[in-house]
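Asks: In case you want the letters, here they are:
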Amino acid sequence: MLMDGLPVKSCTVFAVQADGSEITTTEGLSKNGKLHPLQEAFWESHALQCGYCTPGFLMASLAILNRNASPTEEEIRRNLSGNLCMCTGYLNIIKAVKLASEKMAKVRN
Amino acid sequence: MGKPLKRFEDRRLLLGDTAFVDDLDIPDLLYVAILRSPYAHAKLLKVDLSGALKVPGVVTAIDGDTAKAVTKTIPSYAVATLKPEEYCLATKKVRYVGEAVAAVVATDPAVAEDAIEEIKVQYEPLLAVIDAEKAVNSKSNFVYDSFGTNAVGHNHALWGNVDEAFRSADQTLKERISVQRFSSTPLEPLAVIAKFDRFTQELTLWCNAQMTGHVMMGLSEMLGMPTNKIRLIVQDIGGGFGIKTRPWRPLAIASLLAMRTNGKPVKYIEDRREHMMAAGMTAGGIFDVEVAFKNDGKILGFRLHEINNDGASLQYAGTYSSMRATLINGSYDIRNIEWDSYTTLTNECPSMPNRGVGKPGMVYIVERMIEFVAQRLKMDPAEIRRRNFIPANKFPYATPSGRVYDSGNYPALLRKALEIVEYDKLREKQAELRKNGKYIGIGLATYVHGASAHSREIEGISIKIDAKGNIVANSGSPDMGTGHTTTISQIIAEELGVNPESITVDHFDSNFSPWTPYSGTHANKFSGPDVEVTLQAAKKLRAKVVAIGANLLEANPIDIELEDGKIFVKGSRERYKTLAEIARASYQNPKLLPEGVEPGLEETAIGNTPLATGAFMTDAKYEVGSMHQLVTGPGSPTSFMTYPSSAHVAVVEVDMETGELKILNYVIVHDCGRIINPLIVQGQVQGNAVHGIGVALLEQFVYDEDGQLLTSSFVDYLKPTTCEVPNIIDDHVVTPSPRSSIGIKGVGEGESLGPLASLANAVEDAIAPLGGDFRIHSLPITPEKIYELVKRAQKQRNRT
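Listed in order, the protein sequences are those of chains A and B. For the first sequence, position 99 (counting from the first letter as 1) is numbered 99 according to this note's numbering, and the numbering increases by one without interruption. Going from the second sequence to this note's numbering is simple: count from 1 and add 1000.
No wet-lab data here; the hints were simulated from the structure. Be careful, since some hints might not be right.
DMTMM-like, lysine to aspartate or glutamate: derived pairs with alpha carbons at most 25 angstroms apart [to be verified]:
hint, chain 1, residue 1, chain 2, residue 2
1, A, K98, B, E1724
2, A, K9, B, D1506
3, B, K1464, B, D1424
4, A, K34, B, E1501
5, A, K31, B, D1023
6, A, K9, B, D1017
7, A, K9, B, E1113
8, B, K1120, B, E1085
9, B, K1006, A, E73
One side of the interface only, derived from the structure: several residues of chain B facing chain A at Cβ under 7 angstroms [stated by the list, open to error]:
hint, residue
10, D1010
11, L1187
12, G1683
13, T1721
C-beta atoms are modelled at their ideal positions from N, C-alpha and C, and glycine is treated no differently.
Starting from the given sequences, assemble the full structure and let the hints guide the process.
Replies: See below:
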């Protein structure tokens, strides 16, 4: 999840530590049922299979895109290496983040 | 069909609206904690639960005595000659670190964890049986004392004329290679919620089990309960890969506890460490292969002696070994084979099916063997394969072990893969780089894999067009993230001419889903019976819709078409009926039904295609051994319905200073027959391949000499991350399967079989010019191993 915009593992942050912080989870990405460009990108790129790792990857990817709107593949790989996926083999996830950065750029323009 | 549709199940998963066991909101939950053995091998003298029962919040606790009194032993899948003695909780002895000894259920997970520490257990430690090669011959210190041996299985087969092959050979060579114990480690661990209604005597289980039908049959047997009093519900599964096939231990423990809480549901979710210690892993294998060949590269025959390490349980002992007989000659026309396979128990985690079961090992053996021969003959590895391939015109091809490959074109696979990688140019580049002290290697793997499950497996599905014309499908098989929901929808949509997104596919519920003893997902089964029954049921429904539509439109059924939710006469699209109108006629106006058409629009299909029977021969000479029931006979579980195939090319660079390996390029050309959804297929190809790469380079379960598991978390048991995966280029060749009514084979295991060999071959190809002994004997291929090989080769070179 994101804590004040930074990616943290929810299982290793005590609730008291989060007092006063803004917490964003996967559920906070979509607005009124409309998917966030990142979620759309994951969907179109077939970047999820069982879905178990997906919330983690979505939030970690968002953190990357918040810091750098056009990350390189190298940057994406490095910054997602803390998240494990057993189903997809990662290539579509990397593709999805690139696609999301394009989508988000369009939204901004 | 054939379209790369986005998966319909994804929207819910992306929004976080998941239904994994831990997500389920069941009221009044109690929580289970399991006390596990700290010893690999010890006599279990006494278990005293009284301390735990005194802890406030603890509801009840059980140990092996309860299990023995009210449940049956964990059954053996392959070994038929020894009687299983193992229960879901340990009795008499503990046989692996992490084995469940006692279980507690409490109002709070933390209370449960604290309570198990109050259980007093008396152990008498014994020497751990760890070395499989020693275990196979041990005359004392048995994992199960009553067996009188640790070697619980022995398969032996002699096909063709092996002695003659060796006599007429120009050369022979002998090598020992081994494959480590590993697991695809599904991210979601085993999880179950059990609830027992003491009034109706009905047990309800919410579980992430893959093999729904097997669990219904087996749990009923183990608990002594009729299947119509067991309700199994399977919603989302966070990856299965075989490890969640038959999770007897957590299921039985949770069920027993649920029967002792006055009806309150109990929840058990293992943590990562428990999963690594006890959920299951592959069998390890030590392979001694001796091959006889001609100087032109033709392989005349080989002898394979194996020792399989199946850990501490009879549950799947012998399965990995038996599965190898399926692909014993790989993609080559080799008829003279001696196969001598031992299965031993050790005090390690029990073996469990995992992506491909014994097939990755067999592919590894054959693809390394052919590489050794190519090296000895200084022959191009692509050329030697071409000289040994089963030719494209020799299908159906009966292997020496009596399995029948349906179709394939292995030369075409290899040709395409080499084209993509620009093989000839690459060899030139390799030579150039060597001159400048840069070492790249090219490794091939060309192989067959068995799919669409074993030929006798059947599945069930029911498809309903309800009274308002809306479509619901319910399969006996669960979805574990491999796209079943979307694929089933695509098949039904094609037959009924509707938008696939409009179809609802229910999750598994044994009360409503038409399950068979084979129901579940494993061995790429979906492409076999699941697809077949979906087609059958959909076609039956279509016939009914057409008949009713023809009647309503006063036309000939032959002229009726279904498209975009409309039913119309060919050429007159404007005059149509909708499915809702058809449904209204069917359910509410019997006068509008044609002669012979009954009310209602619901069809259930249970079975497979009759074409599947082409998968086995009745007159083959089969291997004989203790695993008789698994490997022999028509309809053998290891004779697959279809046989996909692949060609992998790995291009690597080896750093001679550090032993570090970089994958520069990875090409896969696969043949899974006709493709229903290219997006889903590519996802499977990539996911599979990365599993294989992980096994080849990173993963290994390591036990010390006392049987302590040294790799019980992802810190020590290394998985591929985004930093390790190469960009994989994939393409395909299509040879439809004559055994599938739509020509498909399976995808879901296949590409995990190749990288073990392709990467080992590539590394040897890179180091070979140094001379000396560059043989990689064991996996994973770590930087340390490469470094040692390079240093040794350099030393040998400096001496000469």
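Asks: Hint by hint, say whether it matches the structure.
Replies: So, going through the hints one by one against the coordinates:
1. With a C-alpha separation of about 18 angstroms, the suggested pairing of A/K98 with B/E1724 holds against the 25 angstroms cut-off.
2. For the proposed pair A/K9 and B/D1506, the alpha carbon gap of about 33 angstroms is over 25 angstroms, so the pair is violated.
3. Among the hinted pairs, B/K1464 with B/D1424 is inconsistent with the structure: their alpha-carbon atoms are about 56 angstroms apart, more than 25 angstroms.
4. Between A/K34 and B/E1501 the CA atoms are separated by roughly 18 angstroms; this keeps the pair inside 25 angstroms, and the hint holds.
5. At most 25 angstroms may separate the alpha-carbon atoms for a hinted pair to count; A/K31 and B/D1023 meet this at roughly 22 angstroms.
6. Using a Cα cut-off of 25 angstroms, the hinted pair A/K9 and B/D1017 holds, with the two alpha carbons roughly 19 angstroms apart.
7. Straight-line distance between C-alpha atoms of A/K9 and B/E1113 comes to about 23 angstroms, which keeps the hinted pair within the 25 angstroms bound.
8. Proximity of B/K1120 to B/E1085 is assessed by CA-CA distance (about 24 angstroms); at most 25 angstroms being required, the pair is judged to hold.
9. Taking the CA atoms of B/K1006 and A/E73, the gap is near 24 angstroms; set against the 25 angstroms cutoff, the hint holds.
10. With a least beta-carbon distance of about 5 angstroms to chain A, the hint placing B/D1010 at the interface is held under the 7 angstroms criterion.
11. A distance limit of 7 angstroms between C-beta atoms decides the matter here; for B/L1187 the minimum to chain A is near 5 angstroms, and the interface restraint holds.
12. Proximity of B/G1683 to chain A holds as hinted, the smallest CB-CB distance being about 5 angstroms (cut-off 7 angstroms).
13. A cut of 7 angstroms between beta carbons decides the hint on B/T1721: the least distance to chain A is about 4 angstroms, and the hint holds.
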